[in-house]
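Student: Per the numbering used here, the sequence shown runs over residues 13 to 399.
Don't read these hints as lab results, they were simulated from the structure.
One or more hints might be untrue.
Said to hold, decoys possible - Quick list of in silico lysine-lysine cross-link-like pairs, DSS-like style, CA-CA up to 25 Å:
#1 K251 x K281
#2 K296 x K314
#3 K280 x K270
#4 K181 x K226
#5 K270 x K327
#6 K130 x K296
#7 K146 x K181
#8 K226 x K243
#9 K209 x K226
#10 K195 x K368
#11 K349 x K95
#12 K391 x K248
#13 K201 x K296
#14 K130 x K146
#15 K327 x K316
#16 K90 x K387
#17 K209 x K182
#18 K281 x K270
#19 K251 x K98
#20 K201 x K182
#21 K391 x K327
#22 K95 x K391
#23 K245 x K98
Remember, predicted model here, so these are calculated numbers, not experimental data.
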Amino acid sequence: MNNNTDIDKKEDKKEDTKNRKIQIKKWVMVVVIVCVFAVGAAAGVLLTHMGNKHKDAAKSADSNVSFKKDFDPMEYIKLGDYKGMKVSLAVSQDDIQSEIDSLLEEHTTYEELSGVVKNGDTVYAEFEGYVDGKRVDSTCGNDYIHIGSGEWLPGFEDAIIGVKTGDNKKFTLDIPEGTYGDKSVDGKKVEFHVTVKYICGNEIVPEYNNDFVKSISSDCKTTEEYNEYIKEKLTKENKNDRADYAWSDLMNISEVIKYPDDMLEDAKKVVLQGYYDMASIYGKTSDEIFTQFGYESEEDFKEKDLDSMAKDTVKEILMARALAKAENIGYSDADYKQVVDEEYSYNEEKYSSKEKYEEDNRQALKDETLQKAVKAWLKDNIRYTTD
13 MNNNTDIDKK
23 EDKKEDTKNR
33 KIQIKKWVMV
43 VVIVCVFAVG
53 AAAGVLLTHM
63 GNKHKDAAKS
73 ADSNVSFKKD
83 FDPMEYIKLG
93 DYKGMKVSLA
103 VSQDDIQSEI
113 DSLLEEHTTY
123 EELSGVVKNG
133 DTVYAEFEGY
143 VDGKRVDSTC
153 GNDYIHIGSG
163 EWLPGFEDAI
173 IGVKTGDNKK
183 FTLDIPEGTY
193 GDKSVDGKKV
203 EFHVTVKYIC
213 GNEIVPEYNN
223 DFVKSISSDC
233 KTTEEYNEYI
243 KEKLTKENKN
253 DRADYAWSDL
263 MNISEVIKYP
273 DDMLEDAKKV
283 VLQGYYDMAS
293 IYGKTSDEIF
303 TQFGYESEED
313 FKEKDLDSMA
323 KDTVKEILMA
333 RALAKAENIG
343 YSDADYKQVV
353 DEEYSYNEEK
363 YSSKEKYEED
373 NRQALKDETL
383 QKAVKAWLKD
393 NIRYTTD
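I would like the entire structure built from these sequences, with the hints used as guidance.
Tutor: This is the structure we're talking about:
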């Protein structure tokens, strides 16, 4: 019998491991917070797992807002003592264990069961996609597919139900616009050829021992050596990300005095639009999308988390403006242009030109550019410790 409970636990652990690195000390902007709710990460190319699409969908959120700018941010937020901060980049034993757990997950296999695919099974499959009879590389791959999860393209999982292991199934799906960001695929009919290799049974988790270490590393021979390698790797990553750690610490010690009403309402629109865009991309209703993230409905999300997410967004804007004022931090035209170019690449299908996009979103783009400049300042002007 296919043990899907074990597989679900594996996906949960995988997501916890992925999110842990982000959540140690970093504060994530609310549009990215939307992505953190991802159910799991799949390696498929065309058949993009919902978790991997959240970031692009959230980035495509078109807020059309112009945050209030002609006011003194110091009247709205009290900055914490950033000059006295000592930001820790230390790697803990828990961090090392998290990396080990992730490594074991990566090398975990399953019992390979035969049979007929049914709803609720997780299968390992190979797939290829063809547009007008031509094989398209971006639509090809291999991955674990949890049937009934709704994490793949609409209709894809259902098409595999009833297929025997070892058999190939051909079916055609309409690809929604924006799914790939590839005009040769988006909006087209794709004929998929899917071969179900096996149905996943119980997990087979390797033991973390010297033999395992030698099987994955040419340099390390023992678990002690590999643990030290992990610590050095994580320390380097933490140093590279030190501005984000400082930003998180500053967010924690800063206090909003009052939230500008217009900014708060605009921030709520930004958060909601991220979900609406995902619903559009996947051909779902907004309630279906919110259900995917564990809410009963859109109204349930609004009651539970919308206000706090919007406040987090506004707090970041206020903090960036306040610190920029306190330390006379600015940015160049080139910095601003780079942000405009990047953000427009996610939104160009909605606008007649880059100029129109920039015109409608100018203040939000300026705030994003300013935040980048402030983080760059933090990177070089805050005390850090690895102890």
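Student: Against this structure, judge whether each hint is valid.
Tutor: Status of the hints after comparison with the structure:
1. K251 x K281: Distance of about 35 Å is beyond 25 Å: violated.
2. K296 x K314: 18 Å, holds
3. K280 x K270: Given pair K280, K270 holds - Cα atoms ~16 Å apart, limit 25 Å.
4. K181 x K226: 40 Å, violated
5. K270 x K327: 10 Å, holds
6. K130 x K296: Judged against 25 Å, a Cα distance of about 23 Å means the pair holds.
7. K146 x K181: Between K146 and K181 the Cα gap is close to 17 Å, so the pair holds against 25 Å.
8. K226 x K243: 18 Å, holds
9. K209 x K226: This hinted pair is violated, its Cα atoms lying about 29 Å apart.
10. K195 x K368: Roughly 22 Å separates the two Cα atoms, so the pair holds.
11. K349 x K95: 30 Å, violated
12. K391 x K248: 14 Å, holds
13. K201 x K296: 19 Å, holds
14. K130 x K146: 30 Å, violated
15. K327 x K316: The given pair, whose Cα atoms are some 19 Å apart, holds under the 25 Å limit.
16. K90 x K387: Satisfied, since the Cα-Cα distance of roughly 18 Å is no more than 25 Å.
17. K209 x K182: Holds. K209 to K182 sits at ~15 Å (cutoff 25 Å).
18. K281 x K270: Holds - the C-alpha atoms of K270 and K281 are around 19 Å apart, at most 25 Å.
19. K251 x K98: 13 Å, holds
20. K201 x K182: Roughly 13 Å between the alpha carbons, so the hint for K201 and K182 holds.
21. K391 x K327: Judged against 25 Å, a Cα distance of about 20 Å means the pair holds.
22. K95 x K391: 12 Å, holds
23. K245 x K98: Distance of about 22 Å is within 25 Å: holds.
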